[in-house]
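Engineer: Spelled out from the first residue to the last, the chains are:
Number of protein chains: 2
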Amino acid sequence: MKLTLYTDYSLRVLLYLASAPEEKRLVQIKDIAQSYGISKNHLMKVTFHLGKLGYVETIRGRNGGLKLAVLPEEINIGKLVRQTEEDFHMVECFHEHSSCILSPDCKLKGVLYQALQAFLSVLDQYTLKDLIINKEQLASLLFTEKEPVRRDPI
Amino acid sequence: MKLTLYTDYSLRVLLYLASAPEEKRLVQIKDIAQSYGISKNHLMKVTFHLGKLGYVETIRGRNGGLKLAVLPEEINIGKLVRQTEEDFHMVECFHEHSSCILSPDCKLKGVLYQALQAFLSVLDQYTLKDLIINKEQLASLLFTEKEPVRRDPI
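Which chain is which? The protein sequence lines are A and B, in order. Residues in the first sequence are numbered from 211 upward in steps of one, following my numbering. Residues in the second sequence are numbered from 211 upward in steps of one, following my numbering.
Read the hints as simulated data drawn from the structure, not as lab findings. Hints should not be assumed to be uniformly reliable.
Intra- or inter-copy, both count: the list cannot distinguish identical chains.
Below 27 Å or equal to it, Euclidean Cα-Cα: the simulated BS3-like pairs (lysine-lysine) are [said to hold, decoys possible]:
{"no.": "1", "residue 1": "K345", "residue 2": "K289"}
{"no.": "2", "residue 1": "K345", "residue 2": "K317"}
{"no.": "3", "residue 1": "K319", "residue 2": "K262"}
{"no.": "4", "residue 1": "K339", "residue 2": "K289"}
{"no.": "5", "residue 1": "K234", "residue 2": "K212"}
{"no.": "6", "residue 1": "K262", "residue 2": "K345"}
{"no.": "7", "residue 1": "K212", "residue 2": "K319"}
{"no.": "8", "residue 1": "K319", "residue 2": "K289"}
{"no.": "9", "residue 1": "K277", "residue 2": "K317"}
{"no.": "10", "residue 1": "K212", "residue 2": "K262"}
{"no.": "11", "residue 1": "K319", "residue 2": "K339"}
{"no.": "12", "residue 1": "K317", "residue 2": "K250"}
{"no.": "13", "residue 1": "K289", "residue 2": "K212"}
{"no.": "14", "residue 1": "K212", "residue 2": "K317"}
{"no.": "15", "residue 1": "K339", "residue 2": "K317"}
{"no.": "16", "residue 1": "K255", "residue 2": "K317"}
{"no.": "17", "residue 1": "K255", "residue 2": "K212"}
Build the full structure now, drawing on both the sequences and the hints.
Structural biologist: Structure below.
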């Protein structure tokens with residue numbers, strides 16, 4: 211069981227933007243892609259969608275870039291995951307037109323639905339702000355120029 | 211977010227075996243495959259694994275077949291799902307050797323882990339017996355010879 215890469219990348223983009231220090235308030239997709247070692251093309255789709263959802267703002271022009279469109283405390287993780295996951299069809303019978311012969315009388319669907327709600331309820335308790343309470347450490351990982359690793363001679 | 215087909219099929223095989231009326235105590239994989247409209251080859255792998263896990267017993271010979279090796283109340287759904295899911299790596303950073311630059315200081319992993327535990331805790335409250343409390347209806351869906359649908363003339 212896993213979340214989609216789409217959700218994973220969406221969360222990472224938001225973490226990146228929320229961790230950016232004041233002097234790097236506008237960030238470039240290529241820098242996000244480079245930091246995480248993931249495709250710029252994937253991130254373009256993700257950031258476009260995050261923009262449509264109202265979480266990310268794009269400032270155009272030579273000195274443009276991306277920034278959060280709302281405060282981190284206004285981005286609820288449960289709501290975000292509901293918006294970025296394609297669906298929550300835990301098993302075949304969650305589809306509207308299930309082909310499973312048991313669908314009319316199956317108790318499994320209800321049990322899995324209850325478990326899914328418990329999963330999402332936990333995420334509902336958190337906002338992006340809770341995920342960047344250690345903003346300085348995150349910024350240090352994301353925005354510090356890396357020096358070559360120095361190894362002591364053996 | 212979804213469970214694997216492997217878990218879906220495992221649950222369906224167990225529901226089938228637990229719903230079987232006394233006179234069909236030993237069932238054939240081909241009948242399970244036919245009832246659900248899924249590949250017999252897939253089900254052979256699933257039933258082999260369920261056998262190794264101690265849930266299913268295979269009686270060999272001409273009148274042989276499959277049956278539950280334990281009582282339905284002894285099959286916990288949470289435990290089963292932990293055994294049939296390949297992993298619970300909700301996002302990339304759940305992997306032991308995560309490539310995500312944030313891994314050392316990321317709070318997201320803990321939040322998703324907490325949500326996953328809430329999901330599994332709900333499943334832990336149920337056994338296979340709870341899923342067949344309407345055994346007669348399930349048996350009627352699975353084991354009744356279907357008559358051709360009769361349509362009233364318009």
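Engineer: Give a verdict on every hint.
Structural biologist: Hint check:
1. K345 / K289: within (22 Å within a copy, 37 Å between copies)
2. K345 / K317: between (44 Å within a copy, 10 Å between copies)
3. K319 / K262: Answer is between; shortest inter-copy Cα gap is 26 Å, intra-copy 32 Å.
4. K339 / K289: Close inside one copy (14 Å), not across copies (34 Å); limit 27 Å.
5. K234 / K212: This pair counts as neither: shortest intra-copy Cα distance 32 Å, inter-copy 37 Å.
6. K262 / K345: Intra 26 Å, inter 48 Å, cutoff 27 Å: intra-copy only.
7. K212 / K319: Classified as both: same-chain Cα gap 18 Å, cross-chain 12 Å, threshold 27 Å.
8. K319 / K289: Classified as both; 22 Å inside a copy, 17 Å across copies.
9. K277 / K317: Between copies, since 21 Å is at most 27 Å while 45 Å is not.
10. K212 / K262: Both ways: K212 and K262 sit 24 Å apart in one copy and 25 Å across, limit 27 Å.
11. K319 / K339: between (34 Å within a copy, 15 Å between copies)
12. K317 / K250: Intra 44 Å, inter 24 Å, cutoff 27 Å: inter-copy only.
13. K289 / K212: both (17 Å within a copy, 18 Å between copies)
14. K212 / K317: both (23 Å within a copy, 17 Å between copies)
15. K339 / K317: Cα proximity of K339 and K317: across copies only (10 Å, versus 38 Å in one copy).
16. K255 / K317: between (38 Å within a copy, 25 Å between copies)
17. K255 / K212: Both. Shortest intra-copy (20 Å) and inter-copy (22 Å) distances satisfy the 27 Å Cα cut-off.
Hint check: a violation occurs at hint 5 only; the rest are consistent with the structure.
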